[in-house]
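Enquirer: The chain contents come next:
Protein chains: 2
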Amino acid sequence: MSDLKHITRADIDSMSKVPRLKLINSLPGFKSANLVGTSSKEGTENLAIFSSVMHLGSNPPLLGCILRPTTVPRHTYDNIRENDGCYTINHVNSDIYQQAHQTSGNYREDISEFESSGLTPWYSEGCPAPYVEESRIRIGLRLVEEHVVKANKTRLLVGAIEEVWVHEASIREDFTIDIEQAGSVAISGVDGYHTTKQIDQLDYVRIDEKLQRPGL
Amino acid sequence: MSDLKHITRADIDSMSKVPRLKLINSLPGFKSANLVGTSSKEGTENLAIFSSVMHLGSNPPLLGCILRPTTVPRHTYDNIRENDGCYTINHVNSDIYQQAHQTSGNYREDISEFESSGLTPWYSEGCPAPYVEESRIRIGLRLVEEHVVKANKTRLLVGAIEEVWVHEASIREDFTIDIEQAGSVAISGVDGYHTTKQIDQLDYVRIDEKLQRPGL
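Residue numbers (our numbering), protein chains in the order written: chain A, 2 to 217; chain B, 2 to 217.
Think of the hints as simulated: they come from the structure by calculation, not from any bench. Do not take every clue at face value.
Identical chains blur together in the list; that is why a pair holds if it fits in one copy or across any two.
[What the hints assert, rightly or not] Below 30 Å or equal to it, Euclidean Cα-Cα: the simulated DSSO-like pairs (lysine-lysine) are:
#  : residue 1 : residue 2
1  : K6        : K18
2  : K198      : K18
3  : K198      : K42
4  : K198      : K23
5  : K42       : K23
6  : K198      : K151
7  : K198      : K154
8  : K23       : K6
9  : K42       : K18
10 : K23       : K154
The shape of chain A in the complex, shown without the other chains (with noise of 0.2 Å):
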């Protein structure tokens, strides 16, 4: 049995930047780790890894993803508006992480990300922005709407799912995807990466009607 720290909300406010970026980017627990393709209306190619790619819905099938203030270039935004909503979703496994990470440098707008890390873009007919070659899951998307968190400048990104490309040996008959077979890796904190290990696969939960337990 551990004892408890106790941080307030003013011991956060009081902390300097990198503390407080590293505590608050723990909290939410294991964070998905994807890069984020997309194209210029010149054709230049821009990859950057997002940690914040989420499940919205399945029917219809909607993914989101939180863009940091547009008040700094961002050219994954600048993109996806330019190019008809079309974005690709491209998950990182363990053997491209270091690759994946070095594209969260700043580059200017004119350096593709896939030339500075070393990733090799691949395109299929149903999408116009570029797909990650050494992914085994990757999703081609179109954005619907996007919502702005008034608190802080944040942008939530919708976008509905067009197509997805996965290596044949990572999905099950169920349809489900074997993420962990696949070597999608996890992140933890700013700068964490973690391979995993499934402990369990649980059921869906029913109710004991009379009792109002789970039943089985």
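Since chain A is already given, all that's left is putting chain B on it; use the hints.
Expert: The following block gives chain B in isolation, referenced to the frame of chain A:
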């Protein structure tokens, strides 16, 4: 090298509900596992597992979470609104993931998921909503805004962090919380639970201004 399977939007739209749910829920990558604790104005405690808690910003400290459409009763949402916007987020760890998963059953409003799951409510002076005593990372929040996704009526709740309770053993000197050491689990798809193994912790990427390549 595995063959690629191509799944189009038309394929997704023609799938039956359960395979579609399993496929689309696999696509974002690993998700956080948290229990959201609330109480009604009559004092009935509610606990529900969420795989959608995300980081929204550090200054001010904000976490988001996604609620499914409120067209069917959603006790968590009603309780937050009734209780001055207060709720708690509690990391699910590998000792309690089975109990945590039980809270996804659809219990009657007057049934506490604390009781049915065997988890223990824990209160601090700073927050009227119940925490989970078995959780090693507990966060007290207050709702500051909400956004409804038009495409499917899911709701993004934006919460400001009011306090954090964390096991002393899990917090590092630089204020990163070692969520792996704390036993926090990751979720894949709708029902996969995973422990993690850290493979790396990478530095902030600085760019060599002249070369526009990663420096050291």
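Enquirer: All hints are to be evaluated individually against the structure, with a verdict given for each.
Expert: The hints, checked one at a time:
1. K6 with K18: Within one copy, since 20 Å is at most 30 Å while 44 Å is not.
2. K198 with K18: Between copies, since 28 Å is at most 30 Å while 33 Å is not.
3. K198 with K42: Answer is neither; intra-copy 42 Å and inter-copy 41 Å both fail.
4. K198 with K23: Close inside one copy (25 Å) and across copies (19 Å); limit 30 Å.
5. K42 with K23: Neither. Shortest intra-copy (36 Å) and inter-copy (35 Å) distances fail the 30 Å Cα cut-off.
6. K198 with K151: neither (38 Å within a copy, 36 Å between copies)
7. K198 with K154: For K198 and K154, neither the intra-copy (36 Å) nor the inter-copy (34 Å) Cα distance is at most 30 Å.
8. K23 with K6: Classified as within: same-chain Cα gap 16 Å, cross-chain 38 Å, threshold 30 Å.
9. K42 with K18: Neither. Shortest intra-copy (36 Å) and inter-copy (38 Å) distances fail the 30 Å Cα cut-off.
10. K23 with K154: Answer is within; shortest intra-copy Cα gap is 20 Å, inter-copy 33 Å.
Of the hints listed earlier, those the structure fails to meet are numbers 3, 5, 6, 7 and 9, in rising order.
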